[in-house]
Structure formats: C-alpha cells, structure tokens
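We have chain A already, so just place chain B on it with the hints.
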Amino acid sequence: MDKQIAGPITGRCQCGAVSYSCSSEPFVSAHCHCLDCRAQSGTGHGSQMLVPKEAVTITGDTTAYARPADSGKTVERHFCPTCGTWVFSTSAEGAMVGLTASSLDDIELFRPQAVVYTRSRPSWDHTADEGLHEFEAMPDAEAAARVHAS
Amino acid sequence: MEKPITGSCLCGGVTYECTAEQVVGGHCHCVDCRKTGSAGHASHMGVPRAAFTLTGKTSVYSAPTDSGNTVSRHFCPTCGASVYSTNSAMEDLVFLQASCLDDPEVFTPGVVVYTKSRPSWDRVGEGLPSFEGMPDMQAVIEDS
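First to last, the protein sequences are chains A and B.
Everything in the first sequence is counted per numbering that gives the first Met the number 0, starting at 0 for the first residue and increasing by one.
Everything in the second sequence is counted per numbering that gives the first Met the number 0, starting at 0 for the first residue and increasing by one.
One chain only, chain A, in its complex shape (with noise of 0.2 Å):
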C-alpha cells in the first residue's frame, strides 16, 4: 500500500478505560449507512477501518453486543461499558476487527476507501469526498478487494 503508517495504530474511548494497539496497516477503511452501523454511529454511518484480528491487542473491558448481519455472519460491536464510546466490532467466523474512527488516537489515520450501504443514507449526511467507491448494500469478495487496492 502507499498508505504507509508509521508505528502502530492506537486508540481509546472517550473515558480511557478501554484502548487498543494494532500493529498492522489496515485493510480497507470505509464508511457505513446499514441500520445497525447508523445506531452506533452517533450519525447517519460509522465509520470504521478493517484490521487483521491478529495484529490488534485490546486493554480494559468492553461489553459486546451480538447481533446478526444481512451477510448472515454475526456481528459483535464492543463499547465501553462507563462511557459508551463504540470501540470496535468483529465477528467469530471473520479474520479482522472493524476499529471505529471515533476512537482512533489520531483520526487522520483514518483514510477511507468507500461508502456502504447507500441505499440506506439519510438525505443529510454525505460526509465522504467524491470519487469513493460507493456500493448500495456490501461488497462482494471480488469488489472488496478492489477497493483494498485503490
């Protein structure tokens, strides 16, 4: 990638309790309008980067709370349980973690690739530049990976 980040990838909620370190680029980074990612989101998306699940060490307790996605994979989203900020999310069958970009040390690591799930998008929230790879619902395998390389 020519997106290299220099050390590793490091962030807490908004209390301190909880806080990770990742020591791996991420994957793909993009933003997510489906309902369950919007409930979390504060907004009208999240906004989360894709990192390998090995790569990443987390430090203090979260609460997950599982739920199943339309990919038929169950979806557990972590927050912290004083303050409520959404730290990440991951899934038992699934090789990565989702770290949110709210809880990103330094939120210009975030960098993203493409937008999700449109056709769910309030008519207010068009936060990304022009030119991402915009998708109405997920990607398949085959376009994710198209986007990993943009």
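What the hints contain is simulated information worked out from the structure, not anything from laboratory work.
For each residue, glycine too, the CB sits at the ideal point set by N, CA and C.
A couple of the hints might just be wrong.
Said to hold, decoys possible - Covered stretches of chain A, going by a simulated chain B footprint (3 or more residues, C-beta under 8 Å):
| no. | stretch |
| --- | --- |
| 1 | 59-68 |
| 2 | 105-118 |
| 3 | 123-135 |
Stated by the list, open to error - Far from chain A, some chain B residues (derived; all Cβ distances over 10 Å):
| no. | residue |
| --- | --- |
| 4 | E16 |
| 5 | Q21 |
| 6 | N86 |
| 7 | E90 |
| 8 | P128 |
| 9 | D135 |
| 10 | M136 |
| 11 | I140 |
Chain B alone, transformed into the frame defined by chain A:
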C-alpha cells in the same frame, strides 16, 4: 406536527417519543461527541425536554466540556447505542442523536460546530453555517 418524533437504540431496550418539533439541529466534531459514535462527527437534534418521554433504562457518562459546562451522554447499557445527551448550559433541551431516530429524515441540520477538530476526510454539512468552537447557542436557535 403530524406525528411525534420517535426513536430507539439498536436492541430496542430504550425508546423515546417527542411531541414537539426540533428547536435546533447540527453536527459536532468535538472529540467527545465523536467518541459517542464512530464517525468524524455526531449529529444532534435539540428538542424541548418537557416534550420528551423516555422508556427503558440508560447508562449515563458525564464529562466537562471546554466551555466549563457538563454534557451527560445517555446510552443503552445492553447495545451501547448513544440515545441522547443533555447540556448543563441548556437545561430546557435534550439532544437526540440523529442515529437513533426511527426516521432520520426528521432531522434537519442547520449548523456545524467544532470545525477546529474536523477530520480532513469528513465533509458533512458543507455549506451550512460553521463555527470553530461552540457558538452562542441562543443566537443559533434564534436564527434557525
């Protein structure tokens, strides 16, 4: 108004109803607002507290703002969704998170605040009146 404003958290354990129109609406890029959600800003809809009815139990996290006021953020202890907040400087209002509205189209943003901490990739609310920090909210309400 035709029908009340309604909303719920992700799991449905917390719901609300509001029988009055929006007083003020906007996007905020301050770090604390960002962290209640997951993106580069949070979107708030100020409504009269007297018209707001909550069902279910929330957890509350209160923290001082840089203006010296206290913002209390209410979230669902089961699913973590941030449902609403209150601000000690504006006791007559509650701020519904646009994310939990049953119909997000009832939210009308009119202002963007704390642009000094806006991420470079977040262009929400372009063209709306913008403020580097927190403006005089009374003036914003009168203009909206």
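- Query: Minimum Cβ separation between P128(B) and chain A greater than 10 Å?
  - Reply: Label holds. Min Cβ-Cβ 15 Å, cutoff 10 Å.
- Against chain A, does M136(B) keep a CB gap of more than 10 Å to every residue? 19 Å, holds
- Message: Taking 8 Å as the Cβ threshold, is the statement that the stretch 59-68 of chain A is covered by chain B upheld or broken by the three-residue rule?
- Response: holds (count 3)
- Outcome, coverage of the stretch 123-135 of chain A by chain B - at least 3 residues whose beta-carbon is closer than 8 Å to one in that chain: Holds, because 6 residues of the stretch 123-135 of chain A bring their Cβ atoms closer than 8 Å to Cβ atoms of chain B.
- How does the coverage statement for the stretch 105-118 of chain A fare against chain B, requiring three or more residues with Cβ below 8 Å from a Cβ of that chain? holds (count 5)
- Minimum Cβ distance from D135(B) to chain A greater than 10 Å, as the annotation requires: 23 Å, holds
- Taking 10 Å as the cut and beta carbons as the points, is E90(B) off the interface with chain A? It holds; E90(B) is separated from chain A by about 22 Å at its closest Cβ, greater than 10 Å.
- Going by Cβ atoms, does I140(B) stay more than 10 Å from chain A at every point? 19 Å, holds
- Task: Run the C-beta distances from E16(B) to all of chain A and say if the shortest one exceeds 10 Å.
- Result: 17 Å, holds
- Taking the minimum C-beta separation from N86(B) to chain A, is that value above 10 Å? 15 Å, holds
- Least C-beta distance between Q21(B) and chain A, which was stated to exceed 10 Å: Non-interface label stands for Q21(B): nearest chain A Cβ at 12 Å, farther than 10 Å.
When the structure is compared with the earlier hints, no violation turns up for any of them.
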